[in-house]
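Chemist: One line per chain: the protein sequences are A and B, in this order. Read in order, the letters of the first sequence correspond to residues 91 to 622 in the working numbering. Read in order, the letters of the second sequence correspond to residues 793 to 1205 in the working numbering.
Treat the hints as calculated values from the structure; they're not laboratory data. Predicted, not measured: the structure shown is a model, and the values here were computed from it. Where hints are given, some of them may not hold.
[Claimed, not checked] Computed footprint of chain B on chain A; a stretch qualifies when at least three of its residues, placed anywhere within it, have a C-beta under 8 Å from a C-beta of chain B:
no. : region
1   : 160-174
2   : 202-214
3   : 471-477
[To be verified] In silico EDC-like links for lysine to aspartate or glutamate, alpha-carbon gap of 16 Å or less:
no. : chain 1 : residue 1 : chain 2 : residue 2
4   : A       : 569       : B       : 1192
5   : B       : 861       : B       : 826
6   : A       : 569       : A       : 599
7   : A       : 385       : B       : 987
8   : B       : 1041      : B       : 987
9   : B       : 861       : A       : 490
10  : A       : 391       : B       : 840
11  : B       : 981       : A       : 599
12  : A       : 302       : A       : 369
13  : B       : 981       : A       : 483
Glycine residues also receive a C-beta, built at the ideal position from the N, C-alpha and C atoms.
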Amino acid sequence: MRFRCDRGLCRWIARVWVGTACLLMTVPFSAQAADEFRLSNDFSTTYNDVSGPGDDQSSLTEGLRYLEIFNLYGNGEMGEVKYNFSLGAKVTDDPRNDSEKFSLTNMHGRFTNGIHTLTLGDTFEAFSQYSLNSAVKGASYRYADPGNMLPDLTLVYGLAYSRWDNMWGVDAVERQVAGMRLKQQLSADFWVALNGVHSFDHIRVNDSSLFKSTVYSLDWEYLPIPGLTIRGESALADTTEDFSNQADDDNNGYAHKIEAIGDGGPSRVSLEYERVSPEFLTMLGSATPDREKFKARWRYKYTKTVTMNFGFLWYRDNLDGDLAFRTDHYKPEVGVTVRRLFDRNYAVADLTYKYDRAYGDDRSTSDHFVNLGYRDRFGIFDSDTNLGVTFYDTKDSRNDDEFIYNTMLSTRHTTGDWVWKPSLSAGGWTLDNELQDTRDQVWEYALGLGVDVPSAKVTSTLKVGQNWLQKDTGTDSRKNFARLNVFYRPEFLSRLDYGMLYLRAFVNDFDYSVRDRDFRENSVTAGVSIQF
Amino acid sequence: MKRMILTVFLLLAMGVAADEAFAKWWIFGQSEEEVATRYLYLNEVSYDELGDKVTVYREILDHGQVVFKGRGQAGKNKVGAVQISFDGGGTWEKARLASDGSFELRFTPQMGETYQVAVKILDTAGKSNDVEATRKELVVSDRNITAVIRDALDQLIEAYHSEDARAFMALVDENFAGDATVLDRGVRKDFTLFDNLDLRYTLNNVTSGTQGKVFTSISFRRQVTSTRSGQTFQDRGVTEFIFVLNGEKALVSAMKNPLIFGLSEAAEVATGTVNSGENNEVLIIDESGALRLGPFGADSDTLDDTSNVPAPTNLRVTDSFPHHSYSFAFDFPIDSMENDLSTTYEIVLEESLAPGGPWTEVFREAFWDPRFPNITTTHIAQSAAFLFYRAKVESISTGEQSLPTNVVMVDNR
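Construct the complete structure from the given sequences, taking the supplied hints into account.
Modeler: Right, here's the structure in full:
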């Protein structure tokens, strides 16, 4: 079976949708002024300079570039109908920012009388995890009347595009979506919902596969006693993948999930079991195919200052036995957070241990992760230190020890109208490869200085630093960096809800042991951000 | 070393356990006899799952209102009244109450204000619930939700750039759809495989939905150097996130392919695929930890390098004359002093108008001297402002091609 759609027709339908949405969003203006109307605008211009023999490695666009971000929002009432709307756009001449010069970033309108709700444009009706958990560009209608026993009804139709300009400029697979959700409250503590979502891809881009998919699911929630919630979902998916260069592939799969959450007193416990077959493919929901999983978490407030966390995750693949090997993963973890340690008011220590075990006929890994963090205040200094140790052990291929360590000291002083916030951070990362007897190391240190002048409505930060990468095999590198941010809210913008001028600048200087890769980036951005 | 660390950990845990507990650990749920809420939702999000400080944004208010919906219980008695305070108990507003104990209260807050919320359930005998346990600070933010999402993405990328797994995971919801522990492992593995990561993004779309969820689409540009091969890769694409709002933060709840975080465990971390025309070739990590650019598809994370032809790496521009010619150099793992390659391989240069392809062969010649691997082409698309190039090596006898190099961009204006 091949899916074909006349490209012009599809585009025409898409444009009718957009046009209709735009038209409907003008209704509030013609009927009466919005009760609330807000506009925000951010314009910035950036100058980038890249030099050195390795300048093609930079991801900056050289020269002077601009970026304009515009948003408007409004809400109001027309008789019994309440409405709100939003519109956003972005304009830039920097291809590294966006491939398109002009992009519509969001367009949304919503009308309701409390029982009937119509949404146009960007529509995010999250039905359930397996069926629909993605936004579409189109429309939705919802009927929900708490005054009677009729079920709540939600209908959705639209295109699952990431960007609005997928409709008129940027090529993408056109995925049409139609969905329905029927939710019935069976008792005060129990509801159940039926979902059906159909998606249909048109327009093949870059030899990509096209999918035709239908997902039916049933989700429910039950509250048997106060503080205990049990919920679940079961879904069936029928998906056909249309390849550009081989025969179609039909997939029929199922997914089930049940979860219990207990919340009361000092404990919060969650238990979850999930089974997703290898052929369960959901285009608009969320699921990892070929997985059976059990997960448990327990957060226990042992005392007012001590909280413990316990977790356990097990999952495996090869549910149908079609793979050559099955792999099981076990991931237990335990953590403890202690506040006011040693009777120190600002001391917070946390310690976690995680074990990650995976094994099958072709794979055996056994990794240990230990992390220790400590925050405290010593006199005028605030400190935050973190130490992580990881042992990676993969049979016959990897035996690495990894150490991560970083610490930051910061303080704050006020001199008249000026607030000074100096900081020092230093850290490193070491990876010892025991099989190849090599060591890779990264070192980094940075000095920071924040200066605020509240009376002049100025805040600023400056950070300069250096990092080195040293490798026993491969290219060594060193990077010197400096970053400056200044934000100023001048008097002449104070009549607005929000008005700010800002300046951002940075320098990155990369120095490799292979000279022809060296390069340097200088960038300065100046902008104005307003809201009224 | 491992044993020592584990021993220290156990000793610390035991030291903590020796302290006096203030509550029994086996309490799970609540008694049916208590005066309490059986359930309570604030704008469709469970009140219990919200922290002590709740921040709501204009876009997720229900027509500008905060809506409390719940159901009270009073054991053998009936629920007589439900009241909610927004000033810490100074004044109370009565909720609309049904005979089965379910209630609803709608409140129109002022933007930028902070409220001290408490919920009081009274049975017909005047007995009350534990009001203290229901206290929360409600902040009604006048910030645009797009700004909150941008902050969350900036913090995620900052933590990822600085290879701080702890800071990164603090921005991930504990109910992350692909499992938070798997993502934790994935980002740690990324950190060991990547050097000089440069990841930048622009927001395409932010849409708030039900249950405090926020859908986000971004375009990303990425450059990384493989720690194993030293090869630098550039790619770009479109991907999507689901965030959940928690206090003043937005936490990641789901991510789709192509991933920008946790690529090393792509098959387990991503719960869906973005079918965009801009995702033609993206960064892929194979089972052995090697990086490559490959055509993107739902199952592309398992691609293996089966080519027998050694791959050229580190393609770079050495000379450029816009509209006329470009010269490139690259690295090759075989030294021609030991291996005569002139009749073995050809070098192929491909051109595209986008970094992800589609690719067109624009130049081919025998691989005369791999000690000085250079290419100069005059066959260029003269009208394009930006051009993208990559190189491959092809076996003359079998026609088999190597993996492509990194993609380089030239400014052709």
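Chemist: Now, for every hint given, state plainly whether the structure supports it.
Modeler: For each hint, the structure was consulted:
no. : hint               : in the structure
1   : 160-174            : holds (count 5)
2   : 202-214            : holds (count 4)
3   : 471-477            : violated (count 1)
4   : 569(A) <-> 1192(B) : violated, 39 Å
5   : 861(B) <-> 826(B)  : violated, 19 Å
6   : 569(A) <-> 599(A)  : holds, 5 Å
7   : 385(A) <-> 987(B)  : violated, 33 Å
8   : 1041(B) <-> 987(B) : violated, 29 Å
9   : 861(B) <-> 490(A)  : violated, 53 Å
10  : 391(A) <-> 840(B)  : holds, 15 Å
11  : 981(B) <-> 599(A)  : violated, 26 Å
12  : 302(A) <-> 369(A)  : holds, 14 Å
13  : 981(B) <-> 483(A)  : holds, 13 Å
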